[in-house]
Amino acid sequence: MALKWRLCGLLFLATTLNYLDRQTLSILAPTLQRDLHMDNAALGWLFAAFYYAYTFAQVAVGPILDRVRLRWAFGAAVLVWSIVSAMTGLVTSFTELLVFRLLLGIAEAANWPGATRITAGALEPRERALGNGLFTSGTSIGALIAPALIFAIATQLNWRWAFVLIGLLGVMWFALWAFSTRDPKLESVWRYEVEEKPVQEKPAKASLWRDVSEIVSSTRFVPVLIVAVLVNPCLYFSVNWLPTYFAQQRGLTPGAQLGWILTAIYLGLGVGNFL
Amino acid sequence: MLVLTRQGHSLAAAQRTVFLAATVPLAACAIVPFVGLGPAVLILIAVNIGLGVWTAIYLTMVQDVAPARVSTSLGILSGCGSLAGALAMWAVGKVTHETGSFLIPLVALAVAGAISAMAGCVANRERPVLQVAHDQIA
Chain A
0 MALKWRLCGL LFLATTLNYL DRQTLSILAP TLQRDLHMDN AALGWLFAAF
50 YYAYTFAQVA VGPILDRVRL RWAFGAAVLV WSIVSAMTGL VTSFTELLVF
100 RLLLGIAEAA NWPGATRITA GALEPRERAL GNGLFTSGTS IGALIAPALI
150 FAIATQLNWR WAFVLIGLLG VMWFALWAFS TRDPKLESVW RYEVEEKPVQ
200 EKPAKASLWR DVSEIVSSTR FVPVLIVAVL VNPCLYFSVN WLPTYFAQQR
250 GLTPGAQLGW ILTAIYLGLG VGNFL
Chain B
0 MLVLTRQGHS LAAAQRTVFL AATVPLAACA IVPFVGLGPA VLILIAVNIG
50 LGVWTAIYLT MVQDVAPARV STSLGILSGC GSLAGALAMW AVGKVTHETG
100 SFLIPLVALA VAGAISAMAG CVANRERPVL QVAHDQIA
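Listed in order, the protein sequences are those of chains A and B. Under numbering that gives the first Met the number 0, think of the first position of the first sequence as 0, with each following residue one higher. Under numbering that gives the first Met the number 0, think of the first position of the second sequence as 0, with each following residue one higher.
All the pointers check out, no bait thrown in.
Calculated from the model, a selection of chain B residues having no Cβ within reach of chain A, i.e. all distances over 10 angstroms:
#1 Q6
#2 G7
#3 A12
#4 L19
#5 V23
#6 A27
#7 A29
#8 I30
Under 8 angstroms between C-beta atoms, here's a sample of chain A residues computed to sit facing chain B:
#9 V58
#10 L64
#11 S217
To be clear, the hints were calculated from the coordinates, so they are not data collected in a lab. What you are looking at is a predicted structure, and each value in this text was computed from that prediction instead of being measured. Yeah, the Cβ is synthetic: ideal placement off N, Cα and C, and Gly gets one too.
Bound conformation, chain B alone (with noise of 0.2 angstroms):
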C-alpha cells in the first residue's frame, strides 16, 4: 500500500490494486480437496495470505465509513460480519458432520471471494480524503 501509494497511485487505487490481488489465490480453495497434501497446503499458504491483505484493508475502509465513530462503525460493521461467521462456523459443523467432507465450505470459500472482490472495489472508489485531527505523535 505504502508503496503503491508511494508512486503516486491515489489511496483509493492502491486499495483496489491489493485487494484485488488478494483475491486471485482465494479462488484457489475450490481445488484444496482434489489435490495432495502438500498441494493443499501451497493453497492454503497462499489463501491466507489473500485473507491476511483483505483484513488490513477492510479494517482501513471501516475508519472511513464514520471516521468520527470508528468504533462504532467497526462495532456494527464488524458485529455483522461475525454474525456472519458464527453462523459459518456452525453451518461448517453441520455441512461436514452430514457429509464427512469439507468439499461444499471450500467452494464457498472461494465464491466469497470473487462477491468480496466486487464489493471492496465499489468500497475503494475515489473519494475526497477527509482531513484528521492529528496531534503530531514523534
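So that you can see chain A by itself, here it is in the shape it has in the complex (with noise of 0.2 angstroms):
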C-alpha cells in the first residue's frame, strides 16, 4: 500500500480513538447517570464542558501546528488524550468528571488540525475528499465499535475499566506510530509548504494575526463557517445524545439492542464518510 495511504490509516486510527474516548462517556451516560446522581440537565454540561474546552484549544492549536514538525505533535497530543481517558475511570463525581472531561476537550483538539495538514501535504487535491473521509472515518467506526466494546468491558468488569482501558488503547497507537512514521519520503508532509508563495517572499516572521488575516478575507471563509457551525451541532448531536433519547424515548435499556441499533446508525456515519 502506498505510503500516503498507509499515513491515513495511522489518521484513521488516531481519529477512532478520539472518538472512542469521548464516546465512552456518552455510551456509559445512563449508567453514571444513576452511579453519581446527575439528571439530564447535568449531563448536557458535562457534553457540552468538553466542547468548550475543545474549541478555545483547537483555535490555540492551529497556528501551533502550522509551524512545528507534525510527526512528535500530533503524536504526542494523542498520548496525553488517552491517558486523560484512562484517568476519567478514577472521578467520584460530577465535578471531577466535568475536569476530566474539559481535559480531554484541550487534549483531543489537536486531531482535526494536525490530520487535515497532514493530508493536504500527502495527498494531491483530488485525492483529499478520499483522505479525509478515509481518516474521518474513524468518527464513525470509533462511534460503531464504541457501544459494543464499552458496554462489554462495563458489563465484565465496570465502566470505570471502561474508561481505563480504552485510554491505554492510545498509548499503544502511540508507539505504532513512532515506528511507522521515520520514513524519510514523510519529511515533506512534516513541512508542508504551498509553491503558490514562494519561501523567500514570505516575511522572516509570519505573523498569526496576518495568517488569520488570511484566512477570514478568503471568499470561501463565510460559507464554510455556516457550513461549520451547522455541521458539528448536527454531528455531536447524533454522536452524544442519540444513546440518552433510545434510553429515555424509546425505553431501550443499556445491553445488547441498544448496542446493536447504536452500532448500525454510526455505521451509517462511516458509509457517508467513503461517499
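Given two chains presented individually in distinct reference frames, assemble the corresponding complex, making use of the accompanying hints.
Right, here's the structure in full:
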C-alpha cells in the first residue's frame, strides 16, 4: 500500500481512538447518571464542557501545528488525551468528571487540525476528499465499535475499567505511530508548504494576525464557517445524545439491543465518509 | 467524489452534488419522534450517512480556504463549529430536561441541514485550483 494511504490509516486509527475516548461517557451516560446522581441538565453540561474546552484549544492549537513538526506534536497529542481518558475512570463525583472532560477536550483538539494538515501535505487535491473521508471515518468506526466494546467492558468489569482500557489503546497507538512514521519520504509531509507563495517572499516571521487575516478575508471563509457551525452540532447530537434518546424516549436499556441499534446508526456515518 | 471527477465533473461540481445529495436524508430527522422504532432507526442511519458525507467534504472545503495555513484555518473554523456544538449540547440537555421530549432538537437538525446545504453550494463554487507543492510520496 502506498505510504500516503498508510499514513491516512494511522490518522484513521487516531481518529477512531479520539471518538472512542469521547464516546465512552456518552455510551455510559445512563449508568453514570444513576451512579453519580446526574439529571439530563447535568449531562448536558458535561457534554458541553468537553466542547467548550475543545473549541478554545482548537483555535489555539491550529497556529501551533502550522509551525511545528507534526510527527511528534500529533503523536504527543494522542498520547496525552489517552492518558486523560484512562484517568477518567478514577472519578467519584460530577465535579471531577467535569474537570476530566475539560482536559480531554483540550487534549483531543489537535486531532483534526493536525490530521487535515497531514492529508493536505500527503495527498493531491483530488484525493483529499477520500483521504479526509478515510481518516474521518474513524469518528464513525469509533462510534460504531464503542457501544459493543464499552458495554462489554462495563458489563464484564465495570464502567471505570471501560475508561481505563479504552485510554490504554492510545498508548499502543503512539508506539505504532513512532515506528511507522520514520520513513524519510514523509519529510515533505512534516514540512508541508504551498508553492504559490515562494518561501523567500514570506516575511521572516509570519505573524499570527497575518495568518488569521488571510483566512478570514478568503471569499470561501463565510460559507465554510456557516457549514462548520451547522455540521458540528448535528454530528455532536448524533454521537452524544442518541444513546440517551433511545434510553429515555424509546425505553431501551443499555445492553445488547441498544448496542446493535447504535452500531447500525454509526455504521451509516462510516459509509457516508467514503462516498 | 473520485467517481464523479473521473467522469469529467469538476472537483467543485462533484463536491456540490455529493453535499446536496447528503442533505436530503437530514430533512427526515424531523419525523423521527412520530414513527416507530424500526423506521426511526432507518431514518437515523440515513441521517448519519449524510453527516458522514458532510464531514469529509467540509474538511476538504477547509483545506481550500487558506492552503498554506490548513491547521490554523481548521482551528478557527472548527473552533467556531465546536463552540456551536457545545452550545447545542447544553441546549439539548436543557430543552429535553424541561420538555421531556427530543422533538425540538430533531427538528432543529433538519433545519440546520437545509441551511448548510445552501452554504455548502456557495462554498463549492468553481474556482482556480491552487498548485500545491507535493513531493511524490510513494
